[in-house]
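Chain residues, written in single-letter form:
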Amino acid sequence: MKLPIYFDYSATTPVDPRVAEKMVACLTLDGNFGNPASRSHLFGWKAEDAVETARKQVADLLSADPREIVWTSGATESDNLAIKGVAHFYHKKGKHIITSRIEHKAVLDTCRQLEREGFEVTYLDPDSDGLIHPETVAGAIREDTILVSLMHVNNEIGTITDIAAIGEITREKGIIFHVDAAQSAGKVEIDLTKLKVDLMSFSAHKIYGPKGIGALYVRRKPRIRLEAIMHGGGHERGMRSGTLPTHQIVGMGEAFRLAKDELAADNSHMLALRNRLWEGLKDMEEVHINGSFSQRVPANLNISFAFVEGESLLMSLKDLAVSSGSACTSASLEPSYVLRALGLSDELAHSSIRFSFGRFTTNEEIDHAIGQLKTAVGKLRELSPLWDMFKDGVDLSKVEWVHH
Amino acid sequence: MAYSEEVLEHYENPRNVGKMDDSDSHVGTGMVGAPACGDVMRLQIKVSDEGIIEDAKFKTYGCGSAIASSSLVTEWVKGMTLEQAAELKNTQIADQLALPPVKIHCSVLAEDAIKAAVEDYKKKQSA
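Residue numbers (the numbering used here), protein chains in the order written: chain D, 1 to 404; chain R, 1001 to 1127.
Hints may contain errors.
To be verified - With a straight-line cut-off of 30 Å between C-alpha atoms, the simulated BS3-like cross-links for lysine-lysine are:
{"#": "1", "chain 1": "R", "residue 1": "K1046", "chain 2": "D", "residue 2": "K391"}
{"#": "2", "chain 1": "D", "residue 1": "K398", "chain 2": "R", "residue 2": "K1057"}
{"#": "3", "chain 1": "D", "residue 1": "K398", "chain 2": "R", "residue 2": "K1046"}
Bear in mind the hints are in silico, worked out from the structure with no lab data behind them.
Only chain D is shown next, with the shape it has when bound in the complex:
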């Protein structure tokens, strides 16, 4: 077992060796290095072939038409292109956008920018399980709503949004529905012949592909129009100019092909790991799972160890590469806005740890994590005045704290 152990697959995944091999073949003089836009020679034609094969591989995982796939630099760009592209193209129809409080910053900050431009944005609250309900979306729709943008799987808590039901509502009202699927591709089945989703953002590096490449699905029927952000050579049917990075695209294609082949195996592997981890921890006192346990991807377990502060816990978990919902390094000392939106108490929000695992995680690694967690939490609770108070039966919500 190699230390430290990587438990941060939701942040990024290693590139699958099979993907890396395909990418390497698209770089050097004796490889497929041509510009896919070069029409006058074999080098260009070969590169274009590779790009189109990859486009089909990505489309296949989603049951989409390859012509509906637009290459971008990643899910952040896809989110920007989808949201700004729709807002700027359809602004005469209306200026209202619906999203949620637990979206990725790529969506939230894009919406903030549109607010500065005069659009109105409604930020939906999740329930205490972190779920955005279709009724909540329906209740927020106005005459002038042009776009609903929600994530498929939440990056912090792994909860799954019912995009099938929400798509029925938006389609009936003629509202465009954008879904950020960066965390769901390869983890949840996505069938765009059935889902009434109009725009969908993808990233390669969350599913064993390289960083720096992503895609936006843009539905053809009914046709969705976008105003481009990047102007230039008119690549990607004018929606996203810029020379296509063949090696990145080929890597993303291969990653998506593998994800389709291995979706069932990957998921049962991760479910077994997740259950093993939770079995090992659930008997500890005051351990809480953040986000719905039933409606979440198996690759994520976000847990709070009450009365232990997240950053000091990370310091003790030297062998584990995990992420914490507490941001004590920032001047504001704000815990994660996602956990706050769930209504978590301050103690719990400050004590959360996100485990995310993947294709290469092993049982042995999970067992090592359980042992180290138990030791660390035990030590820090011995140090914690809040733990003392809890043990003495003090209700922490009734204490008058000396804020600073």
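Given the structure of chain D, go ahead and fit chain R onto it with the hints provided.
Coordinates of chain R only, in the frame set by chain D:
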């Protein structure tokens, strides 16, 4: 983020962890911070009849720098008079632990904690 060796050393081997009997008239308790801010410190001192701090204990909920700051303060105040302890400055703590700017508030909290403990002891004595 990278922690200084001093912070790591106190975090790994915190000094004077514990709890004293608050009802003892020789004990002063200072509790500062809030769970909402991500740190709570409880610092206690035991004062002799001559006004010398004989013992100090702490418990801290917070990041490694907060734990190290309170651990260091308990070491420093032992043997001090109440006046000396009340004069401790957060900058001394921050310097000793080489705290980065984002962690200065941890040393401020430790200074507040010792001041609060001294206050508490004095209040008990005059009551």
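Checked hints:
1. K1046/R <-> K391/D: Cα-Cα ~24 Å, so holds.
2. K398/D <-> K1057/R: 25 Å, holds
3. K398/D <-> K1046/R: Answer holds: K398/D to K1046/R is near 28 Å, not above 30 Å.
Of the numbered hints given earlier, the model fails none.
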